[in-house]
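Asker: In case you want the letters, here they are:
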Amino acid sequence: MSNNEVIATQNLPKLTAKDFTTGQDVRWCPGCGDYSILAQMQRSAPDFGMEKEKIVYVSGIGCSSRFPYYMDTYGFHGIHGRAPAIASGVKLANPELMVWVATGDGDLLSIGGNHFIHACRRNIDLKIMLFNNRIYGLTKGQYSPTSEKGKKTKSTPFGSVDYPFNPTSVAIGSGATFIARSLDRDAKHLQQMMSRASKHVGTAFVEILQNCNIFNDGAFELYTEKDTKADNVVVLEHGKPLVFGKNNEKGIRLHGFTPEVVSLEDGKYSLEDLWVHDEFDTNPTRAYILSRFSEYPELPMPIGVLMQVHRSSYELDVETQISTVKEKRGEGDLKSLFFDGNTWEVA
Amino acid sequence: MGKEIQILEDVTVRFAGDSGDGMQLTGSQFTNTTAIFGNDLSTLPDYPAEIRAPAGTLYGVSGFQLHFGSTEIKSPGDSPDVLIAMNPAALKVNLKDLKSNAIIIVNTNAFDQKNLKLAQYEVNPLEDDSLKGYTVIPVALTQLTANALEGTQLSNKEIGRSKNFFALGLMYWLYNRPIEATLAWIDDKFKNKPEILEGNKKALLAGYYYGENTELFTTRYQVEPAKLEKGFYRNVSGNEAVAIGMVAAAIKANLPLFLGSYPITPASEILHELSRYKSYGVKTFQAEDEIGAICASIGASFAGSLALTTTSGPGLALKTEAIGLAVITELPLVIVNVQRGGPSTGLPTKTEQADLLQSMFGRNGEAPVVVLAASTPADCFEMAYEASRIALKFMIPVILLTDGYLANGSEPWKIPATDQLKDISVPFRTEKEGFYPYLRDENLSRPWAIPGTPGLEHRIGGLEKANIYGTVSYDPDNHEVMCKLRTEKISKVVNDIPDLEVTGDEDAELLVVGWGGTYGSIADAVNRVRKQGHKVAQAHFKYLNPFPKNAGEVLKRYKKVLVPELNLGQLSHLIRSEFLIEVEQLNKIKGLPFKAVEVEKKIIETLGGKNV
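Heads up: the protein sequence lines correspond to chains A and B, in order.
Counting in our numbering, the first sequence runs from 1 upward without gaps.
Counting in our numbering, the second sequence runs from 1 upward without gaps.
Treat the hints as calculated values from the structure; they're not laboratory data.
These numbers come from a predicted model, not from an experiment.
Among the hints, erroneous ones may be present.
[Unchecked claim] Mimicking BS3-like on lysine-lysine, the simulated pairs with C-alpha atoms at most 30 Å apart in a straight line are:
(1) A:Lys335 to B:Lys393
(2) A:Lys335 to B:Lys74
(3) B:Lys157 to A:Lys328
(4) B:Lys278 to A:Lys328
(5) B:Lys278 to A:Lys54
(6) B:Lys201 to B:Lys189
(7) A:Lys326 to B:Lys191
(8) A:Lys328 to B:Lys414
(9) B:Lys556 to A:Lys335
(10) B:Lys74 to B:Lys117
(11) A:Lys326 to B:Lys252
(12) A:Lys335 to B:Lys432
(13) B:Lys193 to A:Lys326
(14) A:Lys326 to B:Lys117
(15) B:Lys432 to A:Lys18
(16) A:Lys326 to B:Lys414
(17) B:Lys117 to A:Lys335
(18) A:Lys335 to B:Lys157
(19) A:Lys14 to B:Lys189
Looking at chain A on its own, in the form it has when it is part of the complex (with noise of 0.2 Å):
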């Protein structure tokens, strides 16, 4: 654990993943990715060395943006795009509450993409999950902004002509601190995302690849599937080189800064040779090679933190601001809002 992280220091009552779930019915498609992201947050919660009243989920509009109903913690359901936004405000409010968002790749990208970028640049301390499936679900079907180009929707019949946006990509871009990406169907290394963004300090992006059984069946079974996962994703640790494959018998070599998979096997290379993951880097270069993996067929897909770096968290900055002006000027009140500047008396 770096010192980026915050250390849980109260005494709290014990909660269990039952303590998190609502009574409400949840209302996804069955086989839905997002059951399973559900479930990973409701068991790593208890874990956040928070009370669950000081916990608040906000999302937008969407098929992920349900998410808020089904954790009994305080939630707001916004609209569409807006979460970010939204949640800004609650934390600038009271910066003592640990907020959430759960949006997805048309929330998050298209509509309510100036207030991710704008978010990420601040460093406001959210915890922002991209339940990414590639494809807008809520609305039936239509192509969405990290949808692969040429792909057949309703929307495009032909083929959509749009170039999709690499969302890791973006937030290092944006200058987000926290940047990791897991998978719907890796259980246990889900947790770890959501248990690590949540101890981050600043904004903590976290891209979920989730499976959309009814409009995008299928598109990360390279990763999730058992039988391809391990030529396919590379899990990045700290301190450990990039190691791949059923018997990790690939591994990961920059050269220059160009990445390629080399074999462990053949004799030409050891794991000396091979890329050590750096997550705490404060150049953000190698985070961003490792964001453009999934632009290359013959490299695996990352998954883990791919990057944390320390940067003061803006809700911060403004309460230290706000105390330092205090602090100067004394605490204002009625009397001196009121005779600030020019007054005079009519007697």
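For chain A, the structure is supplied; the task is to place chain B on it using the hints.
Answerer: For chain B alone, coordinates are given in the frame of chain A:
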């Protein structure tokens, strides 16, 4: 040489020059001094949209008008008695507004070939008889300022910039005003630039003494202090008054104030003002856009702040969907719309009242909100306070309408005694027993249960909610109940607001009904007409949704109702549909406030043209 002193009841002066000439500063300094001197006053700045329009052009002229007097002053004055024209363009643009025998003080140095051409003068107006009838006082302002500042370290450019202080000094002399307040202001403003500080002071004093010594002026004017109500005063613009009102409301509500805003003319000063109030715990969030601004405010409201968002017309349009969210989540929120000329980008720096119907109806679904409007710059304080009080008490979004004229115009504000302000605090819900998010009290208001409160964890949002329980509900009957409840909440507010007040003649045939920022011009017009012997009454709406309880009765009491508005008839539309009565309209949509004389003419016409 002694000069004659003439006593005047009231005077309207206008300072005009290039947008880089410092006319707004000169005007506001003259205003401050005049306020401290004890006159009642009203101001109207008029500046171009361009920050620094090309020098000398007609469209780059910036003006500042001040009406002050020893009697009650309600409007910035129809026609200036005095114009200070810093260049030919300023003369040309403003000449048509002046009284027929007005005094024109011109900077002769600026009347060169280049500037005359830019102002589209073929002949120098100072040299032909086009200014016949006016009292033209030619002053070589640029040259005299340069003479006064000879030997200082200032560059020619910096010396040129000081000429507005020379003009201000001259005006102080002409109207017999003290110069100390401006000297003190210069000391403070330029404390880090000692040469400029000295230069400006010298220019100010030189202007003052020039008036004393030149033979151009044979008369000085004296405007005695006004008989204002006893108490402490401060000159405020509408935007300042909104900011002060919101901070006061937060203090009296015992809540932190949160402002989410995005810069937009003419509302930005509220953001500027509030961002100064850090020592009051005010949090100002300059968001990435208008939508982000209101959404952050909604989030802050959910988390227990007194939440405010400020904007102008196009911004209000962008906030539309989020206002609906505040309606359905039943959260307190104050939305200040400083109206400007529309549609679209329209006339950003000009005033208009054309967002009334947008405020009333501009949302999807049945989404009623409370709509208030301030009537004068100082009244912005009271209405901001009222907006907060109603929003908190009824857990409801409130739109407060001001406008460009109120926002930038100023007048003396009587500082209220701090114990005079109503207590507007509301308790947060903490009791677990029997809690549901959409429980209703006698005002139909729901409990404010903020995150951090143990045991009250709940979810709200933009989907329709089951009454009382607050769970998502698609039930048809429930939706109808909720739509009606949200509307009924507005009608509950009726019991909580003052009646519509009528001034003027009880037995009048005509009632003149305005709303918002036109109050001063209408009041001036009604007074004038009454002085001529006509029977006229005036009522002014500050509460537009809901209308005050007695509004219908008042409107039906008079044979004729005249509604002057700076739009094409939006209040008229509301009155007709709400009260089923016919009204006469007076509409002006030029980006400018009413002149009292325009309303006066229409009143006479409506009365059948009878001149008593």
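Asker: A separate judgement is required for each hint: does it hold in the structure or not?
Answerer: Cross-check of the supplied hints:
With a C-alpha separation of about 25 Å, the suggested pair Lys335 (chain A) and Lys393 (chain B) falls inside the 30 Å cut-off, and the hint holds. Simply put, Lys335 (chain A) and Lys74 (chain B) have alpha-carbon atoms about 27 Å apart, close enough for the 30 Å limit, and the pair holds. Of the supplied pair hints, the one linking Lys157 (chain B) and Lys328 (chain A) is violated, its CA atoms being roughly 37 Å apart against a limit of 30 Å. Distance check on the hinted pair: Lys278 (chain B) and Lys328 (chain A) sit about 11 Å apart at the alpha-carbon level, within 30 Å; holds.
Taking the CA atoms of Lys278 (chain B) and Lys54 (chain A), the gap is about 25 Å. The hint holds against a cut of 30 Å. A hinted pair counts as satisfied when its Cα atoms are at most 30 Å apart, and Lys201 (chain B) with Lys189 (chain B) qualifies at roughly 12 Å. The suggested pairing of Lys326 (chain A) with Lys191 (chain B) holds, with an alpha-carbon distance near 24 Å, which does not exceed 30 Å. A threshold of 30 Å between alpha carbons decides the hint, and for Lys328 (chain A) with Lys414 (chain B) the separation of about 29 Å falls inside it, so the pair holds.
Taken as a hint, the Lys556 (chain B) and Lys335 (chain A) pair is broken in the structure, with Cα atoms around 44 Å apart against an allowance of 30 Å. Of the supplied pair hints, the one linking Lys74 (chain B) and Lys117 (chain B) is violated, its CA atoms being roughly 38 Å apart against a limit of 30 Å. A hinted pair counts as satisfied when its Cα atoms are at most 30 Å apart, and Lys326 (chain A) with Lys252 (chain B) qualifies at roughly 19 Å. Among the hinted pairs, Lys335 (chain A) with Lys432 (chain B) is inconsistent with the structure: their alpha-carbon atoms are about 38 Å apart, more than 30 Å.
Distance hint between Lys193 (chain B) and Lys326 (chain A) is fulfilled; the C-alpha atoms sit about 28 Å from each other, no more than 30 Å. A hinted pair counts as satisfied when its Cα atoms are at most 30 Å apart, and Lys326 (chain A) with Lys117 (chain B) does not qualify at roughly 55 Å. At roughly 20 Å between alpha-carbon atoms, Lys432 (chain B) and Lys18 (chain A) fall within 30 Å of each other, so this suggested pair holds. The straight-line distance between the Cα atoms of Lys326 (chain A) and Lys414 (chain B) is roughly 27 Å, inside the 30 Å bound, and the hint therefore holds.
With a CA separation close to 54 Å, the supplied pair Lys117 (chain B) and Lys335 (chain A) exceeds the 30 Å bound. Proposed proximity of Lys335 (chain A) and Lys157 (chain B) is contradicted: the alpha carbons are some 42 Å apart, above 30 Å. Restraint check for Lys14 (chain A) and Lys189 (chain B): not satisfied, since their Cα atoms lie roughly 59 Å apart, outside the 30 Å limit.
The structure does not agree with the numbered hints 3, 9, 10, 12, 14, 17, 18, 19 stated previously, though it agrees with the rest.
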